[in-house]
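**Q** For the protein sequence lines, the chains are P and F, in the order given.
Quick note: the working numbering has the first sequence finishing at residue 264, numbered continuously throughout.
Quick note: the working numbering has the second sequence finishing at residue 169, numbered continuously throughout.
Everything labelled a hint here was simulated from the structure, so no lab data went into it.
Treat the hints with caution; some may be incorrect.
Simulated crosslink set (SDA-like; lysine to any residue; CA at most 20 Å straight-line) [as the list claims (entries may be wrong)]:
hint	chain 1	residue 1	chain 2	residue 2
1	P	Lys39	F	His118
2	F	Lys117	P	Gly97
3	P	Lys8	F	Gly69
4	P	Lys44	F	Ala19
5	P	Lys8	F	Thr71
6	P	Lys39	F	Ala19
7	P	Lys85	P	Thr193
8	F	Lys117	P	Arg138
9	F	Lys117	P	Glu83
10	P	Lys8	P	Lys66
11	F	Lys30	P	Glu83
12	P	Lys85	F	His118
Note that the coordinates shown come from a computational prediction; the quantities given were computed from them, not determined experimentally.
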Amino acid sequence: MYDFAYHKPTTVADAVKILAADSDARPISGGQTLLPALKHRLNKPTSVVDLSGIAELRGIKRDGNKIVIGAMTRHADVANSAEVKAAIPMLAMLASGIGDPAVRNRGTIGGSVSNNDPAADYPSAVVALNATVVTSSRRIAADDFFQGMFTTAMEPGELLVAVEFPIPEKAGYAKMRNPASRYVMAGAFVAKTGGQVRVAINGAAACVFRQKDMEAALSANWSPAAVAGVKQAADDMNSDIHGSAEYRAHLVTVMAKRAVAAAG
Amino acid sequence: MPQVTLTVNGKTHTVEVEARTLLVELLREKLRLTGTHVGCDTSQCGACVVQMNGDSVKSCTTLALQAEGATVTTIEGLAKADGTLHPMQEAFREYHALQCGFCTPGMVMSAIDLVEKHPQGLNEAEIREGLEGNLCRCTGYHNIVKAIGAAQEVMHGRSATLAPAHAAE
Ligand SMILES: Cc1cc2nc3c(=O)[nH]c(=O)nc-3n(C[C@H](O)[C@H](O)[C@H](O)COP(=O)(O)OP(=O)(O)OC[C@H]3O[C@@H](n4cnc5c(N)ncnc54)[C@H](O)[C@@H]3O)c2cc1C
Ligand code: FES
Ligand code: FES
Numbered sequence: 001m002y003d004f005a006y007h008k009p010t011t012v013a014d015a016v017k018i019l020a021a022d023s024d025a026r027p028i029s030g031g032q033t034l035l036p037a038l039k040h041r042l043n044k045p046t047s048v049v050d051l052s053g054i055a056e057l058r059g060i061k062r063d064g065n066k067i068v069i070g071a072m073t074r075h076a077d078v079a080n081s082a083e084v085k086a087a088i089p090m091l092a093m094l095a096s097g098i099g100d101p102a103v104r105n106r107g108t109i110g111g112s113v114s115n116n117d118p119a120a121d122y123p124s125a126v127v128a129l130n131a132t133v134v135t136s137s138r139r140i141a142a143d144d145f146f147q148g149m150f151t152t153a154m155e156p157g158e159l160l161v162a163v164e165f166p167i168p169e170k171a172g173y174a175k176m177r178n179p180a181s182r183y184v185m186a187g188a189f190v191a192k193t194g195g196q197v198r199v200a201i202n203g204a205a206a207c208v209f210r211q212k213d214m215e216a217a218l219s220a221n222w223s224p225a226a227v228a229g230v231k232q233a234a235d236d237m238n239s240d241i242h243g244s245a246e247y248r249a250h251l252v253t254v255m256a257k258r259a260v261a262a263a264g
Numbered sequence: 001m002p003q004v005t006l007t008v009n010g011k012t013h014t015v016e017v018e019a020r021t022l023l024v025e026l027l028r029e030k031l032r033l034t035g036t037h038v039g040c041d042t043s044q045c046g047a048c049v050v051q052m053n054g055d056s057v058k059s060c061t062t063l064a065l066q067a068e069g070a071t072v073t074t075i076e077g078l079a080k081a082d083g084t085l086h087p088m089q090e091a092f093r094e095y096h097a098l099q100c101g102f103c104t105p106g107m108v109m110s111a112i113d114l115v116e117k118h119p120q121g122l123n124e125a126e127i128r129e130g131l132e133g134n135l136c137r138c139t140g141y142h143n144i145v146k147a148i149g150a151a152q153e154v155m156h157g158r159s160a161t162l163a164p165a166h167a168a169e
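In isolation and in its complexed conformation, chain P is listed as follows (with noise of 0.2 Å):
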């Protein structure tokens, strides 16, 4: 690892203020995906952001209708938290999925969802409920957020503050995990929230997306057999050592079927 300086900022505006100062300059959360990537020297900050100071990143708490969940709140915190759990189970549920327990006690949903992984669980949740993502700067709607492999609307310098998670009548989440590693090789979220259906697929392409053939099959009868018979086209699906385009074209369909029986 290339060394860097260390700061460890105590609020937004200051943390805001360090990245703006210096382009090379990364934030750091859990570490969990930085630091892997900063041992194998793929990437040569200047200096790290430690966010972990900034209290006002941390916590989960009900809005009304809404979750809203810090950036800085572990996967552990969200798999264990009394208020998820009865509002979205199924994103409880999903957190507590996510790698393994060393992980989850680490690795925090705005490094997750900031990072935009094509294999990360969080992403989906963030689409298929309509979530908002609100930054150091403005808010902006989960079909906005994400844009491709690794990449988001955010600019450089921009942090992740929250995520408002919109309560839905129904959610579930569903997943084929690569056995080695835990991520994602396809996975799909499915919600409905007033009335109207969301299914998000992520780890099967290149970036999290919406499936809308099965949100027309699921809002005309909400059920696994509606989603049975929609077939995923393989052209923009990955293909790697772990699976051809093909099979993750296959999964998603048996995901999305999985994720409605487990919504109910």
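With chain P's structure known, arrange chain F with the ligands on it following the hints.
**A** Just chain F with the ligands, lined up with the frame of chain P:
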């Protein structure tokens, strides 16, 4: 150089580190606590797991500076001063839950956190799920799972002594 102050196995240290120093490097190279192992550079094997502020964490994927003010327990901090092993260590011994021993410190630290967070008890499937972040190249996991199953009874006070391995067959 930056400094970090932390408490390891009950003793407080202030150490100069580079910003890039990992917690595992601080433990092994500065404090000479070499029980914590490094088995990979991809954050996947769990040989480096320690407890930090009551949670299991991968010390190879934590900066030393991120442990500022933290309370850390490593494998060296488990046995009593008179040498009496922690029930989890005793169970690993009794159940032959190690062969080469390389993964063992991380296994034991993960297992203790797992058991402490599940006072209601864990079944075999839950123990296996809880060990997802710890790889073992030798044992096939079977005896590790049995050891944790037996240790939890002692740790939660449901049994005064460890069930002997032969009785569990
Ligand atoms: C062994 C292992 C298994 C894993 N398995 C899974 C899995 O099954 N599913 C899954 O989804 N993930 C998995 N992960 C990834 C894990 O969930 C990470 O915790 C997560 O992707 C990143 O969160 P972090 O808090 O660790 O972020 P960091 O590593 O600290 O940061 C990640 C990136 O986001 C940037 N960043 C961090 N916080 C902010 C912020 N608030 N605003 C703007 N930018 C920010 C950083 O600069 C960096 O580029 C795994 C990781 C490991 C090591
Ligand atoms: S050394 Fe392998 S996970 Fe830390
Ligand atoms: S005992 Fe050898 S790696 Fe586990």
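**Q** State for each hint whether it applies.
**A** Here is how each hint holds up against the structure:
no. : hint                   : result
1   : P:Lys39 with F:His118  : 34 Å, violated
2   : F:Lys117 with P:Gly97  : 16 Å, holds
3   : P:Lys8 with F:Gly69    : 13 Å, holds
4   : P:Lys44 with F:Ala19   : 13 Å, holds
5   : P:Lys8 with F:Thr71    : 19 Å, holds
6   : P:Lys39 with F:Ala19   : 13 Å, holds
7   : P:Lys85 with P:Thr193  : 17 Å, holds
8   : F:Lys117 with P:Arg138 : 38 Å, violated
9   : F:Lys117 with P:Glu83  : 19 Å, holds
10  : P:Lys8 with P:Lys66    : 30 Å, violated
11  : F:Lys30 with P:Glu83   : 42 Å, violated
12  : P:Lys85 with F:His118  : 17 Å, holds
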